[in-house]
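A.B. asks: Same order as they appear, the protein sequences are chains A and B. 2 is the number of the first residue of the first sequence in our numbering; add one for each residue after it. 25 is the number of the first residue of the second sequence in our numbering; add one for each residue after it.
There may be inaccurate statements among the hints.
[Unchecked claim] No more than 20 Å apart at the CA atoms, straight line, and that leaves these computed lysine to aspartate or glutamate pairs for EDC-like:
1. K142(B) <-> D68(A)
2. K155(A) <-> D139(A)
3. K62(A) <-> D182(A)
4. K44(B) <-> D188(A)
5. K203(B) <-> D147(B)
6. K156(A) <-> D223(B)
7. K128(A) <-> D226(B)
8. K156(A) <-> D184(A)
9. K50(A) <-> E52(B)
10. K156(A) <-> E219(B)
11. K203(B) <-> D226(B)
12. K62(A) <-> E145(A)
13. K128(A) <-> D139(A)
14. K128(A) <-> D182(A)
15. K50(A) <-> D45(B)
16. K128(A) <-> E46(B)
17. K203(B) <-> E170(B)
18. K62(A) <-> D188(A)
19. K62(A) <-> E48(A)
20. K156(A) <-> E216(B)
21. K50(A) <-> E46(B)
22. K128(A) <-> E216(B)
23. K128(A) <-> D223(B)
24. K44(B) <-> D182(A)
25. K23(A) <-> E94(B)
26. K182(B) <-> D147(B)
27. K44(B) <-> E48(A)
28. K62(A) <-> D139(A)
29. K23(A) <-> D147(B)
30. K155(A) <-> D45(B)
31. K182(B) <-> E173(A)
32. K32(A) <-> E122(B)
33. K155(A) <-> D182(A)
No lab work stands behind these hints: they were computed from the structure.
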Amino acid sequence: MHDHDDHDHHDNHFPDMQARVKALETVLTQKGLIDPAAIDAIVETYETKIGPRNGARVVAKAWSEPDFADWLSRDATAAIASLGYSGRQGEHMRAVFNTPETHNLVVCTLCSCYPWAVLGLPPVWYKAPPYRSRAVIDPRGVLEEFGLTLPHTKKIRVWDSTAELRYIVIPERPEGTEGLDQDALTDLVPRDSMIGTGLAKPVGAGR
Amino acid sequence: MNGAQDLGGQHGMGPVAPEKDEPYFHAEWEKRALGLTLSCGAFGAWTIDESRHARESLPPATYLAASYYEIWIRALEKLLTRHRFVSSAELAEGRMLEKGAQPKRILTADMVAGVLAKGGPCDRPVAEAPVFAVGQRVRTRNFNPETHTRLPRYARAKTGIVEAVQGSFVFPDDNAHGKGENPQWVYTVVFEAQEIWGDGADPSLTVSIDAWESYLERA
Chain A
2 MHDHDDHDHH DNHFPDMQAR VKALETVLTQ KGLIDPAAID AIVETYETKI
52 GPRNGARVVA KAWSEPDFAD WLSRDATAAI ASLGYSGRQG EHMRAVFNTP
102 ETHNLVVCTL CSCYPWAVLG LPPVWYKAPP YRSRAVIDPR GVLEEFGLTL
152 PHTKKIRVWD STAELRYIVI PERPEGTEGL DQDALTDLVP RDSMIGTGLA
202 KPVGAGR
Chain B
25 MNGAQDLGGQ HGMGPVAPEK DEPYFHAEWE KRALGLTLSC GAFGAWTIDE
75 SRHARESLPP ATYLAASYYE IWIRALEKLL TRHRFVSSAE LAEGRMLEKG
125 AQPKRILTAD MVAGVLAKGG PCDRPVAEAP VFAVGQRVRT RNFNPETHTR
175 LPRYARAKTG IVEAVQGSFV FPDDNAHGKG ENPQWVYTVV FEAQEIWGDG
225 ADPSLTVSID AWESYLERA
């Protein structure tokens, strides 16, 4: 079998990725192999429907309802699906809980595995060599670049997503949030806190 | 394979440089790249493992210089030509020149919501009980296949503890190469940083991988 890799050596046919992708889409459309409207629907889904707000709702519910948190720790796939979040790159979920003793950090050193169903599409840095190379050997240095300095008494656990399990970090609930309902708590859960490159926001942040 | 994709522990890749309020896409072509990759994946002609291998098989200099959507597109071109849906000449000219293979399924707009909601579960039953138990010390095997594997180099020939038995899943090392799904038990194995990185390792750090059963042996 010949893989026809040779066109990779003729990038002068494709002065930029815009042209290269346009050519590919044109060929596939002419051959009736794709529906350009399906591409629009996929893009719209990940721009407007599936994003880190999903994961934030999971976290807020876990903070508010001990029974849900327990379910999440035992069967994250089912617990998360009960909120309507499932499907592509969320088929096999695991939730890992930050504690006063341990901070969790998720990476995929081998590719770009990421829990799309709860966090949406991954940011560029998550898929790029600096994060993928350093998260497993120098997580404290990586976290410093996100403005997060953890005390040396805090243990760090890095989860390398080498199989089909997809991890969401449940950050620690900020102090002073006892009176907040789940909608208000959801606003305190940034995407990075569910990857482990950040923490939940303190109450009143940004005011 | 020991390709450019196996990045854990590599040095010199630069700062992480997170972007504040990063958009989902940085160019229009990235949107099309996402949609094309998912649309062509829906053909059912290749598995996610074969597509991962197509990406990691890119020349290292190309892989490391490319954005991830570019990696996807270069690998997609390889998969489409390998499975004869398009030819290299068609890719070069940007137009249809010949009739190629026909897929089992073509993703239309009305199917998108259902296909994304269904996903692609890859847990499969196995007849045998798990060989390893939670709390058991195990050693990862040392091997260096030119073919696809999900055991990173930094975690080969290392001793750790089984923390969880996660279920049984399609074995990517076989499935990527058309050798069948051959499911195996998958374990979360946790290592002390000292075991992996040796002198100077962060004593407060542990790292886990999810390992298929055949990656492991009793320690």
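A.B. asks: Looking back at the hints listed earlier, which ones does the structure fail to meet?
C.D. replies: 1, 7, 8, 11, 12, 14, 19, 22, 23, 24, 26, 28, 29, 30, 31, 33
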